[in-house]
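Sequences listed follow chains F and V, in order. Quick note on numbering: the working numbering labels position 114 of the first sequence as 155, and the sequence is numbered without any gaps. Quick note on numbering: the working numbering labels position 114 of the second sequence as 212, and the sequence is numbered without any gaps.
Worth flagging that the hints you see were computed from the coordinates, not collected in a lab. Possibly wrong hints are sitting among the right ones.
Unchecked claim - For lysine-lysine, the following DSSO-like pairs were computed, each having C-alpha atoms within a straight-line distance of at most 30 angstroms: (1) F:Lys53 - V:Lys436; (2) V:Lys417 - V:Lys275; (3) V:Lys436 - V:Lys417; (4) F:Lys173 - V:Lys108; (5) V:Lys698 - V:Lys454; (6) V:Lys436 - V:Lys454; (7) V:Lys455 - V:Lys436; (8) V:Lys275 - V:Lys436; (9) V:Lys436 - F:Lys220; (10) F:Lys220 - F:Lys173; (11) V:Lys151 - V:Lys108; (12) F:Lys220 - V:Lys275; (13) V:Lys698 - V:Lys684; (14) F:Lys173 - V:Lys275; (15) V:Lys455 - V:Lys604; (16) F:Lys220 - V:Lys698; (17) F:Lys53 - F:Lys173.
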Amino acid sequence: MEISSLIIAAEKGHAPAGEELFAALYSELHRLAKRELARCGFGVSLSSTTLLHEAYLDMAAREGPSFPDRARFMGYAARVMRGLIIDHARERHAQKRGGLFEMTSLDTQVLENAVDHRQLVQISDALDELGKAEPALAEIVDLKFFCGFSFAEIAAMRDVSERTVQRNWEKARIYLHRKIRSDLIL
Amino acid sequence: MPTLSPDDWKALSPYLDQALAMSEDERVEWLRSLGHEDNVLAAQLTELLDEHKVLAQEGFLERGQVSLPTSSGLAGQTLGPYTLISQIGEGGMGSVWLAERNDGRFERRIAVKFIHIALMGKDGEARFKREGNILGKLRHSNIAELVDAGVSRAGQPYLILEYVEGDSIDRYCDQQKLDVEARIRLFLNVLDAVAHAHANLIVHRDLKPSNVLVSRDGQVKLLDFGIAKLLEGEGEDGAATMLTVEGGRAMTPEYAAPEQVTGGVVTTATDVYALGLLLYVLLTGQHPAGKGVRSAADLVKAIVETEPTRPSEVVATTKATAEVTTSNAASRTTTPEKLSRLLRGDLDTIIAKSLKKNPQERYASVTALGDDLGRYLRHEPIRARRDTLTYRAAKFVRRNRTAVSLATLAIMAILAGSVGTLFEARSVRKQRDFAFRQLSRAESINDLNSLLLSDLAPLGKPFTVDELLSRAEHVVRRQHSGNEADRVELLISIGRQYTVQDKYEKARQLLEEAHTLSRPLPDSSTRARASCALGQALSRGADLPRGEALFQEGMRELPDEPMFTLDRITCLLLGSEIAQNRSDAKEGVARAQAAERLLKQWPYRSELLELNTVLFLAAAYQDAGRLPEASATFEQAAVRLTALGRDDTQRASALFNNWGITLTVDGRPLDAERVLGRALAISRDNQGEQTVSPMLLVNYARSLQDLQRLQEADDYAGRGYAKGLQTGDNMVIGQALLLRASIYRGLGDLERSAQMLAEVEPRLRRSLPPAHIAFASLASQQALNAQARGDGGAALEFANQAVELAEPLVNAGRAGAYYLRVFLVRRSEIELQLGRRNEATADAIRALNQLQADAPPGTFSSYLGRAYLALARALDAQGKRDEARAAAGSAAEQLQNALGPDHPETRTARRFSSDPSQK
């Protein structure tokens, strides 16, 4: 089924469409990431933002004018991106075969920024909770933290001022921080 | 700390909106008035806002580095039979809490250590508890007991430990001002404990001062015995231990043994090493790796390669270290001289034996180490043998540099202080490949590859790239299932990394395999890339024909459909390098341009791919000697880097370096200095000069020299030289010497200049074939020195040598071309001085013709300027006044733009063009 129709159905509140949408986007992004990494293998890394741009162009080209605009697309894709990143982190921690992506750039410096997947999961769980109360806030975290968009870009996508985005970001951080702290209970 | 219920949050949310929109002062006021109305609400808000300050400081969720909030809210929580009282601190691997039994039984003080790692499900938890049990059996009066290891309901692993109060051993010794003998005796207690653990087959793995505490009554207690092993992930057998982790980041491995750092097997000898290091610190007050903040990479290199300075030497006072050494000696109730004497001999030997890089050369056991120390104390002869001179001579592990044959030297050579990386093929490749490696520091979540990297390394352990690659290979080979195509892709990826690392043999091996495996596959994209990747690797070795053949094969594989465009681009870029390596610079450019054209036609945008293409293209232009285009392309690349927000990365630094080189050789020193200065600035990056490449320093010095900023040039050249000596980089040393010769001549110090040349000649002779253009440069420098001495005859001889060496190389299609022009201009000047006016004019004209042939209109070059000036002088000497003035005018124009209006040479040219009597 086409992504654009899935989006429409999902927005109408059709839950199964929502899940299918997630799955479809996930596999698109996955496929694209694999392809990009395999071909741009000059020891260069791939950024989430680039990947999302490519994905949008790719899908929009395929599905034609009915495909929703970038801003709307990013809202969904950002959530999927979060899932992708976490799954990947989980997989590689389990040292399964290659994980989601192939290896390209190998540099010891980047090791210093290695992120524990368990921490990511905690953030994700907390984000899901936040999403229930204030979905707009959760989306900002997805877009900024997991997808690497800047405040300006997010503001443009959501058609609000940059200051609003920043404020909401801080609010979201407070929520998440508190949630994660209190979850550290035994 | 209570959780926020959804209702709480709902109530607070709109207030938070308001609060966050206010300034700090407004907020205080606002909270106060709110407090009058509803003080519970105000209190909650205040709490949240305070937390916000904390999280902002922690950098929570910033920059992809997830630092979990500190769990200070745990006071009063129970953990099995214990209740947490207060947090004692943040340990190496998690927070540490004081606790007591909650059934009122007082046995002793207890510490609970929460470990921030992820356990692998039920199995992981079981293993954790099991290992903990084993460690718990260790009972010794000098070992802090591990009471229990467990996992909370929420999956949080923890350790229950005997609480120890005391100072770290080095601090204790300093505070008590213990002398050498007393320190050794205390140290023997430590050895006792470790020996006991070894007898029980437990290795500590993480011995360091902070893990060796001494209580107020002088009792030694070792902490965290074997815990490092407990925290290992599901690694392979014998995998090296995790180095201390702090909040997810690896700490610098100051006390790590070489085998821990390179992924070798950890044994009791590893503890011996750490103990040796500890003793070193206790006796000297210094760490063998020296002072100064080091990057983890530097430290790793020091651990693995550098032999530690002898204790007796390191405590001796030098001018620079007087303060430190005196205070260190004072803490040992002695003076530096006496301390040095005390340590000399046996103690030097004992420590050296403990610190051997090879575990098998160390003391076989902790007991043996203790025995020798005991003998020392009793003034008996020790068992360890002194290092012989020959052993100590084999110090630095030299990096493997395969000799570059003339055939593969596609690009030019060393010249007087010139642009070394341009002229050593390997370095060019290195620089360019370096530029391709992603080293952007700011990003981690944003760059998925960083996740890939951490794929293979246990948390926090710094692997060498080699290590990572071979583990990656391991992973690939272990895959029995999974489809062949994926396996081939992985092999290609890894193989290409080896190529990037210049590990030719390994690369070839893997890529051959990938190539073979790819033949039967239906996917032509994979086949094509396998061929081209192998071709690239081979072209860097000696098998150039096959490299080219493979490229052709790869290109043929690809059907003429748009979906294969990306593959085609990749192959063309690889092919561009293959052509360059075959000395076919023209073809190199052609292929890179073809790739660029294809990329433009491709409907999708990939900024990174565009950047890479541009970088390859610039390198191809550079190789072909098409400097203006190279320069312009570099500029494009720089713009793209900025657009990608990565223009302050190491990759950018390499880019600017190459660009700067191109500008220098193109005779644009003003621009070159600016660009190279940028490269330097990036490369320094708050770590001082540790990270700057010596070649870059020399290149920068060269640009300064061109601008006649001689003192500065000397300074940088000197630093580049010193660094080059440190790393044993002959290319750098050679160029630095030639450049300095030139600088000293400029400063009027002919004697030193000659010294430099004398020093560089044997170096060149040792490492280069006799027909190398480096010797032409050397000759040219000799000529200039002779000229400065007033010895016209010798100067001409040398100048002839230079030209004669350069000509055949140029005719053979090597890119020695622009050096030839420089030599011609210099010879012209010398000939003029000797009164040989016709020859002077001829040489100047020849140089001019060559330069003009290559220079696009509208560009300015110092070389062109000087050629014009030489011509002007020669013409003038022949009585052709008007032509001379015209030439001088052109010279002035060129030099003005290339060197700046105040440059002495510019002024000379200007004066000449207005008044020919002023030559």
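Practice task
Just pull the numbers of the violated hints for me, sorted ascending.
Solution key: When the structure is compared with the hints, numbers 1, 5, 9, 12, 14, 16 turn out to be violated.
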